[in-house]
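Those protein sequences? They're chains G and B, same order as listed. Each residue of the first sequence is one higher than the last, beginning at 1 in this note's numbering. Each residue of the second sequence is one higher than the last, beginning at 1 in this note's numbering.
Be aware that one or more of the hints could be misleading.
[Stated by the list, open to error] Cut-off 25 Å, straight-line C-alpha distance, at most; resulting in silico cross-link-like pairs (PhoX-like, lysine-lysine):
{"id": "1", "chain 1": "B", "residue 1": "166", "chain 2": "B", "residue 2": "105"}
{"id": "2", "chain 1": "G", "residue 1": "100", "chain 2": "B", "residue 2": "491"}
{"id": "3", "chain 1": "B", "residue 1": "351", "chain 2": "G", "residue 2": "152"}
{"id": "4", "chain 1": "B", "residue 1": "294", "chain 2": "B", "residue 2": "351"}
{"id": "5", "chain 1": "B", "residue 1": "112", "chain 2": "B", "residue 2": "166"}
{"id": "6", "chain 1": "G", "residue 1": "152", "chain 2": "G", "residue 2": "103"}
{"id": "7", "chain 1": "B", "residue 1": "133", "chain 2": "B", "residue 2": "113"}
{"id": "8", "chain 1": "B", "residue 1": "166", "chain 2": "B", "residue 2": "341"}
{"id": "9", "chain 1": "B", "residue 1": "45", "chain 2": "B", "residue 2": "341"}
{"id": "10", "chain 1": "B", "residue 1": "294", "chain 2": "B", "residue 2": "341"}
{"id": "11", "chain 1": "G", "residue 1": "103", "chain 2": "B", "residue 2": "494"}
{"id": "12", "chain 1": "B", "residue 1": "404", "chain 2": "B", "residue 2": "494"}
{"id": "13", "chain 1": "B", "residue 1": "294", "chain 2": "B", "residue 2": "133"}
{"id": "14", "chain 1": "G", "residue 1": "103", "chain 2": "B", "residue 2": "491"}
{"id": "15", "chain 1": "B", "residue 1": "341", "chain 2": "B", "residue 2": "299"}
{"id": "16", "chain 1": "G", "residue 1": "95", "chain 2": "B", "residue 2": "491"}
{"id": "17", "chain 1": "B", "residue 1": "299", "chain 2": "B", "residue 2": "133"}
{"id": "18", "chain 1": "G", "residue 1": "100", "chain 2": "B", "residue 2": "494"}
[Stated by the list, open to error] Here are a few chain G residues that sit away from chain B, every Cβ distance over 10 Å (derived from the structure):
{"id": "19", "residue": "26"}
{"id": "20", "residue": "95"}
{"id": "21", "residue": "97"}
{"id": "22", "residue": "106"}
{"id": "23", "residue": "107"}
{"id": "24", "residue": "111"}
{"id": "25", "residue": "158"}
{"id": "26", "residue": "163"}
{"id": "27", "residue": "182"}
[Stated by the list, open to error] A partial selection of chain G residues facing chain B, derived with a Cβ cut-off under 10 Å:
{"id": "28", "residue": "67"}
{"id": "29", "residue": "71"}
{"id": "30", "residue": "72"}
{"id": "31", "residue": "102"}
{"id": "32", "residue": "105"}
{"id": "33", "residue": "112"}
{"id": "34", "residue": "120"}
{"id": "35", "residue": "124"}
{"id": "36", "residue": "126"}
{"id": "37", "residue": "146"}
{"id": "38", "residue": "187"}
Please keep in mind that the hints were generated in silico from the structure rather than gathered at the bench. For glycine and all other residues, C-beta sits at the position ideal for the given N, C-alpha and C.
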Amino acid sequence: MKMDTNDNFTEPKAQLHLYRHGPSLAQTQYIPLAELSLQAVDNNYPKLLLIISIAVAVLITLVVSVFGIVNPNIPTSATLAILPICLLLAVIIIKLVHLKAQKIAYGVFEHELVFREGLFWVSTTALPYTRLQHVNLSQGPLERRYNLVSLKCFSAGSGVAEIDLPGLNADEAEHLRQHLLTKAGASHAQPSIQHAEPLTRPTPVHHNEDTPNG
Amino acid sequence: MDNQPKGVAQHANNTQTQQHFAEQLTSWQALSPWSIITYIFSTIKGVLSNGFAVIPFVYTGWKQGFDAQWFILAISVITILVSTAAIIEWRKFRFRLNGDQLEVKRGLFFTKKDEIPLNRIQNIRYEQPFYFKPLALGTLIIETAGSQKDEAQLAALDTWQALTLKRLLLKLTQAENSPHQAVQASIAHAKHTATEPLHEQHNSQAIARKSLGDLLMFGFYHNNFIWFAVIAGPIAGQIDMENLFDSPLAKQFWLWIESQTQQSIALQSLFLIAGIIVLYGLFSLISIIAAVLKYYPYKLDRLNDTLQRSGGVISHQQDALAIKRIQLIHAEQPVLARLFKRWTLYFKQVKGQEVEQKTKQHMLIPSVTPCEVESILAAMPNLSGGASVLPGHYNRIHIYWFTKRMMLPLAIATLLSVIAWFDGRTLSYYETTWLITSAVIGIIYLRYRQWGYVLDDNVLWQHTGLLGRQWKRIAFDKVQHVKITQTLGQKRSKLAYVEVGLASGSIVFPYIPVTIAEQIISRSLHAISRHNEPWI
Numbered sequence: 001m002k003m004d005t006n007d008n009f010t011e012p013k014a015q016l017h018l019y020r021h022g023p024s025l026a027q028t029q030y031i032p033l034a035e036l037s038l039q040a041v042d043n044n045y046p047k048l049l050l051i052i053s054i055a056v057a058v059l060i061t062l063v064v065s066v067f068g069i070v071n072p073n074i075p076t077s078a079t080l081a082i083l084p085i086c087l088l089l090a091v092i093i094i095k096l097v098h099l100k101a102q103k104i105a106y107g108v109f110e111h112e113l114v115f116r117e118g119l120f121w122v123s124t125t126a127l128p129y130t131r132l133q134h135v136n137l138s139q140g141p142l143e144r145r146y147n148l149v150s151l152k153c154f155s156a157g158s159g160v161a162e163i164d165l166p167g168l169n170a171d172e173a174e175h176l177r178q179h180l181l182t183k184a185g186a187s188h189a190q191p192s193i194q195h196a197e198p199l200t201r202p203t204p205v206h207h208n209e210d211t212p213n214g
Numbered sequence: 001m002d003n004q005p006k007g008v009a010q011h012a013n014n015t016q017t018q019q020h021f022a023e024q025l026t027s028w029q030a031l032s033p034w035s036i037i038t039y040i041f042s043t044i045k046g047v048l049s050n051g052f053a054v055i056p057f058v059y060t061g062w063k064q065g066f067d068a069q070w071f072i073l074a075i076s077v078i079t080i081l082v083s084t085a086a087i088i089e090w091r092k093f094r095f096r097l098n099g100d101q102l103e104v105k106r107g108l109f110f111t112k113k114d115e116i117p118l119n120r121i122q123n124i125r126y127e128q129p130f131y132f133k134p135l136a137l138g139t140l141i142i143e144t145a146g147s148q149k150d151e152a153q154l155a156a157l158d159t160w161q162a163l164t165l166k167r168l169l170l171k172l173t174q175a176e177n178s179p180h181q182a183v184q185a186s187i188a189h190a191k192h193t194a195t196e197p198l199h200e201q202h203n204s205q206a207i208a209r210k211s212l213g214d215l216l217m218f219g220f221y222h223n224n225f226i227w228f229a230v231i232a233g234p235i236a237g238q239i240d241m242e243n244l245f246d247s248p249l250a251k252q253f254w255l256w257i258e259s260q261t262q263q264s265i266a267l268q269s270l271f272l273i274a275g276i277i278v279l280y281g282l283f284s285l286i287s288i289i290a291a292v293l294k295y296y297p298y299k300l301d302r303l304n305d306t307l308q309r310s311g312g313v314i315s316h317q318q319d320a321l322a323i324k325r326i327q328l329i330h331a332e333q334p335v336l337a338r339l340f341k342r343w344t345l346y347f348k349q350v351k352g353q354e355v356e357q358k359t360k361q362h363m364l365i366p367s368v369t370p371c372e373v374e375s376i377l378a379a380m381p382n383l384s385g386g387a388s389v390l391p392g393h394y395n396r397i398h399i400y401w402f403t404k405r406m407m408l409p410l411a412i413a414t415l416l417s418v419i420a421w422f423d424g425r426t427l428s429y430y431e432t433t434w435l436i437t438s439a440v441i442g443i444i445y446l447r448y449r450q451w452g453y454v455l456d457d458n459v460l461w462q463h464t465g466l467l468g469r470q471w472k473r474i475a476f477d478k479v480q481h482v483k484i485t486q487t488l489g490q491k492r493s494k495l496a497y498v499e500v501g502l503a504s505g506s507i508v509f510p511y512i513p514v515t516i517a518e519q520i521i522s523r524s525l526h527a528i529s530r531h532n533e534p535w536i
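Excised from the complex, chain B in its bound form (with noise of 0.2 Å):
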């Protein structure tokens, strides 16, 4: 009973596998040998990343001169290691469906059993990566609230295994083949009437598909460039750029630029910022590659009352999200975004519990139209607040906020000024001084100018940015606690700062009109404070 190897093959009648490995499941499984690949990929994937530190003494004692024997030998020795590691965690790997929850045991010498209630599952993911592509096998993992421990990998089922056990954890109705009264008669609490399934078939509604195009657009606009000068900086400082603008190409490049330029500002300028252009492409090669490894082919769907993302090229990924779990809809532009008009929409969850808890990633589609959010919104009937559109524009908050922060710059400055005055400074000092000072200042304004709310019937909206720009939407039956701040000065402009809490994060609202955030107070404890609807 215990080595029942699930390996049940491909029968050419589905409904009869099918109803056959619902059965098995009740008794304890083991997964089929090719998810000892999987289990070598985790491992190698494991060293590798955390396998920094060996780079060094590797690259040194390849400089030393290179010894082919003991190489050789080395990596002999770790891949026998690791394969055996992998045979043995396969061997001892054993899962099964024990009435309302899922158990898992695995281990050779600390043995570990897990058991999982069913209805504390939170997520559901198939992925397939590369190496099962051919194989039409897949990895399910099943993550659970709480730590990011508590999640149970079921490697190298194959798609059908995998539709069946994702549905009976998930207590969904049956898909489309699937013979539902056999596996009603096996597992007790996916009870459904003969007709119901029937009817659900037909849920599964498209929500969002993205082409190529858009995802490559998505790249491009999303990417780290921030941080990839913060490290490329450096970096480059190190090359000696003299060494570099006195070889022989770089000599040729600018003279051919001069002729071609013929020493005109407005043609130099032009080349420049064309230069920018495809160094900044170069840059964002690398997220443009990684967005559509990732995504492609983007497509999210409805079923029943979840969402799923599948996609990936080299791993194909499939996550799924309840509706009733989204927290907050926060859409984001970044600057270049702006120039194509595209919006990136984040579904997010409670902290912690994200759909890619190891990335901490939420659920998001990229490269939106405007047009487009409303008809996403639309296609999920139970997302709380109800569809809507973005907001054109917004309630600025009150320029109070801008000028309290404008105050400790322009107070530094001073200052420095005066102090300067004293010490005799040339003039050049007072320049620099105010000119980083009306950077900052500009840098405030700037956000104080993109910083506002629209407050609606259900849902309230907070705009910010500096040179991108975000939305975030709370509605207001997803609200937890509300904090109202007010200081002396504030009470007598009638001003407040306004803290909604949600399960995905705090939002502030900073100097806003009393009255404004006493609607906003009202409308959440108005929506929670009776009802007793489960919100996470």
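Only chain G is shown next, with the shape it has when bound in the complex (with noise of 0.2 Å):
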């Protein structure tokens, strides 16, 4: 988004009166799949993982000790000596958790949703509206508190979703949610030469919402 605004900017004076489209691109120049920019989630996602992983840490790091300073059989020294390095464990493991937090990303396109993960393994998937079965919105007590929710994609066979996006924004997952069904619906109710063929109309896999099917 920003990137547009400042080629706008930066446009010659010339261009406002004669747009120039530049050389069309061949196919194979079409950004792929992989490299497709996109839209990070909620600000608060990572900043929840941040605040649960440090409180696990804390636990973890306070468990430890205590156990270490009640055990007779345990010199204090070997407390001491662990004591950091279980402290630089944690806080490489939670800057991991929050980096891959913010390296979550989706994007809503015309025929399909596409939802990027990962921090060394980083995977791009792609669901086309057309096989979309159900979609699902789920909170947590911590997300309320965030107003995040996660919103997941399913698609036929596999009891496992497809897009299991986390750290929306609960007023804009909702929209999403409509928008993804309004398109899925849109594109199911398609009339088609079923009546007469036998046996091939769609199935309705996925009867109500709740339920994910397979």
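Combine both chains into one complex, guided by the hints.
If you want it as structure tokens, here you go:
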């Protein structure tokens, strides 16, 4: 988004009167799926994960140190030596969790929903609306506090969500869900030649929105 | 009205009875009393298959002394209970065809009523257990999408009743000898013009026939030998081997072999190989018998838009599968099948909605020769992706796949060796460590050699295998989602993982060039994102 405005800004004045399209792109120059620019999830989501992971780390450190102090068989020096290692490890893990949360991104396109995640293994998933069977929104107690929800998109067959997108702003997510359902509904409702052919109609595999099919 | 027994009996005039039957179906129908037998058998089967726990008790009881009186009493009590339950089941079972849905009512204390909308019916199976064969009766099993419990069984229908019902349920056009007008009159939904059925009668086309020899071969190459070995290993360990080898019979056998081979190594190894083959033959006998009993005589036909398989010696089975429901075609060739150059062809459906739901079995064609594949696929005009032969060769995935996977066993072995060096172990320790490591690496290499892909305009093939091999044929218009995964290193060397999600499960292509990955993605998205035809 920012990039666009910058581009407009630096455009030469002459182009206001005569717009130059530039060379048309060959098909091989189209942006591949893995490099599409996508939209990050809500800022609160990395923050939430940060808080949770810090809390867990503090808890573990506390347990370890209490255990080390109470147990007479372990010398205090050993406990004191272990603690910094623990702390270092905790800092690294917390940093990774935070980075991973920041990396989650999604894009709502004309015909498909695109989702990207991963720190070392960066994976990008595309799910066309025509293949969308049902959408599920869920919110845990901590997520509620930050007004976040996670969105799951299911296709047919496996019971696993093809897209599991956490950390959406609750108001936006509801809107997005409506949009996805409308898109999916529009594509499924298309009349086809079902009447002539028995056994070929789309099966209503999902019957209500709460049960993943499969 | 509630108790109209449906044993309308076989009149000479099929036409009239069929018309009669179709009319009757709109009101509640009972099954024929013969269905009691089905219930009895299914109860016995349930008891037997869940009753392994009883075997030890029975066995110990037997050893302690057999009391004939109690035994007879127990048997008779069980018989009475089972048959009463079966009679009640039959008395309370009602079904009818009500407009657009099939309704089934059953149960004495807990009445259960199922309403199955006709358009939710996935497969209809006509089974003829051995006890119904002389009576020419059979069971119609109606499977729907969703859980396994969503199925209805109509037992002891005679052949033409089953046919009529099947046609009405599938809203198929009429088969031969049937008075289409009559059925039309009674069931508003089976509307067809008078000329249509005549045309469609000839639409039944044979796709594959398999002889007894083919099925014997199928049973021979397609079995769970490895599982048998896993189970048989511990059992063989229990037997006292020394006793066995010292027995006079074994001694005689050895003597005979020695006299025959005259201590020639070549002849002895020949004997060993022959022995292994005989042993394997014995193992595979079970699967050969099972294959013949289940599939002989194997027939696969196309009726309009559905595939119909029929066969079975003890119980005659008939499976139907709409061609449009086929998600993936999977050709498998176990090691032994490579010798015969035969393949097993599977038609995979949406996960959890297999033709035989209980056993999660897909529809299959046994012992297919490579050149047969194209004609089989060509006989299914609605198959997505069109007809194609099994590809002759494949593009291998990148060698990095192998080198990355080779690292772990190498690292472990090196680590073990270094530790052993400080421990001062003997030479044999290093030998075993490195032998195992090289075996593991060898297996990984075999897997790598077999892993490849073939990219066509409409379909994508995946080739995998270790000793046996498999082809998976993905039609782009059955794809549900695509996923590309890359690490930084892969990005630098322009490689990627691609996962292609289908309703029958996901298929992964690791370490393929990015350009190929992008082609796979764009072809799939092109085929699906703008086309709304139902795909499952």
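Minimum Cβ distance from residue 72 of chain G to chain B below 10 Å? 33 Å, violated
Sort out whether residue 491 of chain B lies within 25 Å of residue 103 of chain G, counting only the CA atoms. Distance ~17 Å between residue 103 of chain G and residue 491 of chain B Cα, so the pair holds.
Hinted pair residue 166 of chain B and residue 341 of chain B, Cα distance within 25 Å: With Cα atoms ~38 Å apart, residue 166 of chain B and residue 341 of chain B exceed 25 Å; violated.
Assertion that residue 26 of chain G lies outside the chain B interface [Cβ separation over 10 Å]: At roughly 13 Å from the nearest Cβ of chain B, residue 26 of chain G sits farther out than 10 Å, so the non-interface label holds.
Against chain B, is residue 146 of chain G within 10 Å by beta-carbon distance? Result: violated, 28 Å to nearest chain B Cβ.
How about residue 126 of chain G: closest beta carbon in chain B under 10 Å, or not? Holds - the Cβ of residue 126 of chain G comes within 10 Å of chain B, reaching about 5 Å at its closest.
Holds or violated: residue 341 of chain B with residue 299 of chain B, Cα cutoff 25 Å? Holds, at about 21 Å.
Take the C-alpha atoms of residue 95 of chain G and residue 491 of chain B, compute the straight-line distance between them, and say whether it is at most 25 Å. 24 Å, holds
Restraint status (C-alpha distance of residue 294 of chain B to residue 351 of chain B at most 25 Å): 23 Å, holds
Could you check if residue 124 of chain G really has its C-beta closer than 10 Å to a C-beta on chain B? 5 Å, holds
What's the verdict on residue 133 of chain B and residue 113 of chain B, does the C-alpha distance respect the 25 Å limit or exceed it? 30 Å, violated
Is it true that the CA of residue 299 of chain B sits at most 25 Å from the CA of residue 133 of chain B? Holds, because 18 Å separates the two Cα atoms, which is no more than 25 Å.
When held up to the earlier numbered hints, the structure conflicts with 7, 8, 9, 24, 25, 26, 28, 29, 30, 31, 32, 37 and fits the remainder.
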